[in-house]
Structures are given as C-alpha cells and as structure tokens.
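Colleague: Using the sequences and the accompanying hints, generate a full structural model.
Residues per chain are reported as follows:
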Amino acid sequence: MDLFEILSPLSVLLCFIGVFIGIIFGAIPGMTATMAIALFLPITYSLDMVDAIALLIGLYVGGISGGLVPAVLLNIPGTPSSLCTTFDGYPMTQKGDGEKALKIGITASIIGGFFSLTVLYFFAPVLASVAIKFSSVEKFLIIVFALTVIASISKGSLLGGIFSGFIGVYLSLIGMFADNNQLRLIPPGFEEELAYGFSLLPVLIGLFAIAQILQESEEGMKASPHQTFDFKKEKKNPFTFKIFNGQIINTVRSSMIGTFIGMLPGVGGSAASISSYSQAKNFSKHPEKLGTGEPEGLIASESANNGLIGGALIPLLSLGIPGDSTTAVLVGALLLQGIQVGPLFIPTNPDLWDGIIYALIIANIVMFFLMFFSIKYMAKIIYIPKYIIYPVIIVMCVVGSYAINNGVMFDVWTLLLFGLAGYVFTKIGIQVAPFLIGFILGKDLEKYFIDSLKGSGGDLTIFFTKGPIALLLWVLIAISIIYAIMDNRRSKKAGDQTITPST
Amino acid sequence: MKDLLTIELKFSEYHTIFPKIMLTILMFLAVLMLLLNIAKRIKEGTLTAFRYQFFIDNYDRLKFYGTIVLLIAYALVLERIGFLPASILFMFLITLLFIGNVRKQSIVVSLANSLATSFVIWYLFGQLFDITLP
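Residue numbers (my numbering), protein chains in the order written: chain V, 5 to 507; chain C, 13 to 146.
None of these hints come from the bench; they were simulated from the model.
One should not assume that every hint holds.
Distance condition first, Cα-Cα at most 25 Å in a straight line; then the derived DMTMM-like pairs of lysine to aspartate or glutamate [as the list claims (entries may be wrong)]: (1) V/Lys-447 x C/Glu-20; (2) V/Lys-447 x V/Glu-197; (3) C/Lys-32 x V/Asp-455; (4) V/Lys-431 x C/Glu-56; (5) V/Lys-390 x V/Glu-195; (6) V/Lys-137 x V/Asp-355; (7) C/Lys-32 x V/Glu-197; (8) V/Lys-431 x C/Asp-69; (9) C/Lys-32 x V/Asp-463; (10) V/Lys-390 x V/Glu-222; (11) C/Lys-75 x V/Glu-223; (12) V/Lys-458 x V/Asp-448; (13) C/Lys-22 x V/Glu-222; (14) V/Lys-496 x C/Glu-20.
One-sided and incomplete, this derived list gives chain V residues near chain C with beta-carbon spacing under 10 Å [claimed, not checked]: (15) Ser-139; (16) Ile-214; (17) Val-396; (18) Thr-465.
Being a predicted model, the structure only gives us computed values, none of them experimental.
All residues carry an ideal CB built from backbone N, CA and C; glycine is no exception.
Modeller: Next comes the structure, spelled out in structure tokens:
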C-alpha cells in the first residue's frame, strides 16, 4: 500500500502538530497524553478519519515522549510512565549532563517506538482474526476481562476502585436501551437531554481537565517549585550514538518488556518503566551504579515507555479493549467518527489500519527529530505559568464540549458537572480512572449480557458452558484479578509513597 | 438450583434487568466497604473517632469559589452574548483571578491572554475547521 495514498500532506502535517503539542503536554507536569488527546477530540470531529487519527497518534506519541523532559531535568516524571527515567536521568543532569541524558532518552524512545510498532503490525490482525468468531457470550467475557483492569489500576483501596468502576457502569446506563427503546434512570425533567445518556467527551474532559483545574485553584494556583529551575549550560561530554554500543540487548529487552506490558490491559505505564528498569539492573554488569546517572537505566526506562504505545494498541485494535485511560480516550475518538473498535476493526477498515501504522511511523520519526534538535528550547516549556495555560484549557474544553454534538448547550453543563464531580470524587475516594473505564465499557457490557441471555433463554450458566474460549477467558479474568489483589497487597506493604500519577 | 441461575426475560423489561443487577452489586460493595471499615476501626480502637476534612488546610477560598462562579457564569452567558465576547470576558477575569492581584502588569497579561486565545480559537475552530461555536 502506497504511503501517500493513505496519508495526505495534511495528515502528515497534523501528525507533526500532534507530536509537537503532545510533547508540550507531556513535558508539563500534571498534564498527560490523555488530557492532550481528550482536548483535541473536538477538532478531529471535523477532520477526515485518517487525518483525525494521524493527529491523535501524534499527540499520543508526543505526550508519552515529552514526559522525559521534566523527568530528566527536574526529577519530576511528566507522565507516569517516565517514573524510572528520573532515577538515572536526574543524576546525570546534576552532573551537568542534562542535554546528553535527554538525547539518550530520545534515542531510546524511538527504538522502543519502532519495536512495538512492528509487533503491533504483525500481531494485532492475528488476534483479531481469532476474536472475530466470538459470540455475545465471549464478547461479554472480554469486556469483563477488560473491566478487571479496574482492579489493577485502583490506587490504595481495591474495593474502592471496583466500586468506582461500577458507578461508572451504572451512570453509563442512563438513557434509552436500544432493544426495546425504553428510558431508564433519568432524573425527572431531563428526558429530552438525557435520552442518549451523557456524552462521552464532556464527561471525559470534565473529569480530567476541569477537575484538575478546580483542584489547583483550591491550592491557590501556586507556581510549582520546578518553575524556578535553571537549565545549566554544558559543553563537556557531548552525546554520541556510541553510547548505545553494548546497550543493544538492554534496549531490545526493555522495548520488549514495554510492548508486552502495554498489551496487558490496565497494568499501565509506570509498571513498564519499573519492570524494565529492574530487569536492566538484574542483568547489568555493574548494578550498583544504576541510579547514579548511568545511561543504561535511562535507556531501559525510555525504550520501555515508548514500547507501551504499540503494545497498548494491540488489544484496542484487535479486541476493542482499552488498556488504560489514554487508549480509552482513543476509543471515544473512534466512536465519534462512527467506528466501532473490536475484532472487525482491521478487516473492515484496512485504510484506517494502514493509516494508524503510517501515522505511528511518522509520529516516531517526527518526535525524534523535533526533540533531538530542539530539546534545549523544548525544555523551556516547563516554565509556562499556570495562570496562562489553565484559562486557555478551560475555553478549549467548553468549545469542545459544545461542538461535539454540533452545538448542544447541555454538553457544556455536562462538562462542568463532571468537572465538579471529578473534583469531589478525588476528595471522597472515588477513583477517576476506574470510573471512566466503567463508564466507557458499561453500555457494551449490558448489550452483550442481555444478548447472551436472550440466546440462552435467561440461563446464567451459559457464561460457563459456552465453550473452551469462554473458559479460557474466565481463567484470564481470574488471573488478572488475583494478580491485582497481590499487587495491591504488595504495594500496601511497601507503603508505596512514590509519585502517584495524575491520570 | 436451575431456577436460581435463570433470569426471567420479558421484552418490556429488558431495560431494567441490567441496572438492577448493577445496583445490587453497588449496594453489596458499599455494605462490604462499610463493614470492613468498621472492622478496621474496631481493631485500631478508633471506632468513634471521626475526622474528615474535605478541603485542604488553608485552601484558597477566593480562587476556588471564584473559579466555580466564573465557570457557571460563562456557561450561562455563552449562548446569550456569543462566543467571542463571552470568552474574552471570561478569560480576562479568570486569568486575573489565577494571578491573584490587580496590578497593572497582571491586567495587561490577562488582557493579552484572553484576546489572543479567544481570537485564535474563534478563527481556528470557527472559521478554519468550521466547528459550531456558541
């Protein structure tokens, strides 16, 4: 398939813009790739499908990559997945090797990106061709499996996270049920506005952007300590690609770990970074040096977190499972374009599938050159004061919500409502990410549940007796839940006080 | 046993089955969390000690309530006076609120921020991309 048949110059340009803006979002601590994608959803609405996806992929790649800037320079991970980048990146900055560290990170990022892209390209269609034969029972179980993500991303209280997820499911049911066109769960007086439930986009950006702004305003919009940092000049020890000699195995291993972890729904970015870092340490010839400013650790963390991207897209594009909040937002984006993600996605949208692959290739290349040659100037992004950036974000959120269904004022109110809700949620212990995943998957969960029961005449045992695939899915569900419980215990024991990501 | 595991399906009630199940699960989880919490409190001997604080210490009342009021006001006037005037006004006020003083410099910064952003968004979204603005 010819590259330019699929991607127009406009989509390449949009991909470029996406990467650029994504890097900015990734670089500002507290803003994430998720937020960037959510904010730009409304623009994609008026774009052609491939153009839209090029922009979003650009934002995704840029957003994940940009996180390394504050991680290396300030010891603050700009995105959760650059957590371990701080371990060796920041010590290098302290030694006066900040620029070198950034360039190592950028190079590792592009390698990880391409590795995972290759895996995605070959693996997703295979998985999809298996999933295509699924009946509503298996589809229901797949969604249940996806929902077990909630257990593993719950922070602190596991039960609280599950509870939050079910609240999300419950709220997603508001509106009309398509089978018999009956309304349910609508508060009196809102029958017209809520006939189709709350729109996904305003809920999403309300929960992510408005809630965050409310939280910061409660704290008084103080300038973060990092904004007083000085980017020191340095001349000694310039970056060369020779650093990667002898790091090939490390790079490939970390990319592989990143890709694999990306595939597991809900394990999340920081886990990729942490496990590849600890593997790098296990296999290192001089493990004691890691953490004191060794390129080795930096390479491990950064190639893993870009490996995530391709990995996370595998279950999304082949099964329709969003593995984390970022891919959950991508589902929203595709739904807006009228595309259902699932096993049928690749066979029915071959152009879009190629477009995604090309967009990923271009986004990775753009990311590399953009960051490699302008990193010094990009690094200044972290100084933009909040009082400038937040008002801009609010107006963009409002415009986006209003425009999403072509000018519905109720969507703006939804935005504000869920912004406030997101703020209150964090105060009373309801977790936003599980809530959102429940909200996104809720309607499908119900649909396949009812469809399965219609097939069995209401017999619930159908979920167990359907066949070997259903049983396999039950095993996967069980493993996922057990893993989450154990992980939760472990992190509780360790008194995990490390940086909790804001997604 | 067979009866227990069978749900009665009626076409006219399809829409209420799933919400009922979800509500049951939610209530079950809520009770479970409550019981676990009470058990933990008994274990630690803090059964009657309730300390819950919604806001952080010394939270910024002006900025917090100011933001909420401005947001609601913005949404209220948006369709009445149109996107550009509403946004310019809103951005100016909220930037000023976030800066937190009314010195000459802050006013200039707020004004610049509000005018620039409003026009760029209006042009980019409204004109270039043809997106419906209020």
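Colleague: Work down the list of hints and note, for each, if the structure agrees.
Modeller: A quick look at each hint next to the structure:
Pair hint V/Lys-447 plus C/Glu-20 holds up; C-alpha atoms about 21 Å apart against a cutoff of 25 Å. The straight-line distance between the Cα atoms of V/Lys-447 and V/Glu-197 is roughly 18 Å, inside the 25 Å bound, and the hint therefore holds. At most 25 Å may separate the alpha-carbon atoms for a hinted pair to count; C/Lys-32 and V/Asp-455 meet this at roughly 17 Å. With a C-alpha separation of about 23 Å, the suggested pair V/Lys-431 and C/Glu-56 falls inside the 25 Å cut-off, and the hint holds.
Taken as a hint, the V/Lys-390 and V/Glu-195 pair is broken in the structure, with Cα atoms around 39 Å apart against an allowance of 25 Å. At roughly 22 Å between alpha-carbon atoms, V/Lys-137 and V/Asp-355 fall within 25 Å of each other, so this suggested pair holds. The suggested pairing of C/Lys-32 with V/Glu-197 holds, with an alpha-carbon distance near 23 Å, which does not exceed 25 Å. About 13 Å separates the Cα atoms of V/Lys-431 and C/Asp-69, which keeps this hinted pair within 25 Å; it holds.
The straight-line distance between the Cα atoms of C/Lys-32 and V/Asp-463 is roughly 17 Å, inside the 25 Å bound, and the hint therefore holds. A threshold of 25 Å between alpha carbons decides the hint, and for V/Lys-390 with V/Glu-222 the separation of about 13 Å falls inside it, so the pair holds. Restraint check: the Cα-Cα separation between C/Lys-75 and V/Glu-223 comes to about 8 Å, which is no more than 25 Å; the hinted pair holds. With a C-alpha separation of about 15 Å, the suggested pairing of V/Lys-458 with V/Asp-448 holds against the 25 Å cut-off.
A C-alpha spacing of about 50 Å is found between C/Lys-22 and V/Glu-222, which places the hinted pair above 25 Å, so the restraint is violated. As the CA atoms of V/Lys-496 and C/Glu-20 are separated by approximately 43 Å, the hinted pair breaks the 25 Å bound. The interface hint given for V/Ser-139 is violated, since its Cβ lies 17 Å from the closest Cβ of chain C, which is over the 10 Å cut-off. Hint status for V/Ile-214 relative to chain C: holds, with the closest Cβ pair at about 8 Å, below 10 Å.
The beta carbon of V/Val-396 is positioned within 10 Å of a beta carbon in chain C (closest approach about 5 Å), and the interface hint is therefore held. Taking 10 Å as the C-beta contact cut-off toward chain C, the hint placing V/Thr-465 at the interface holds, the least distance being around 5 Å.
In summary, the structure is inconsistent with hints 5, 13, 14 and 15 from the numbered list given earlier, while agreeing with the others.
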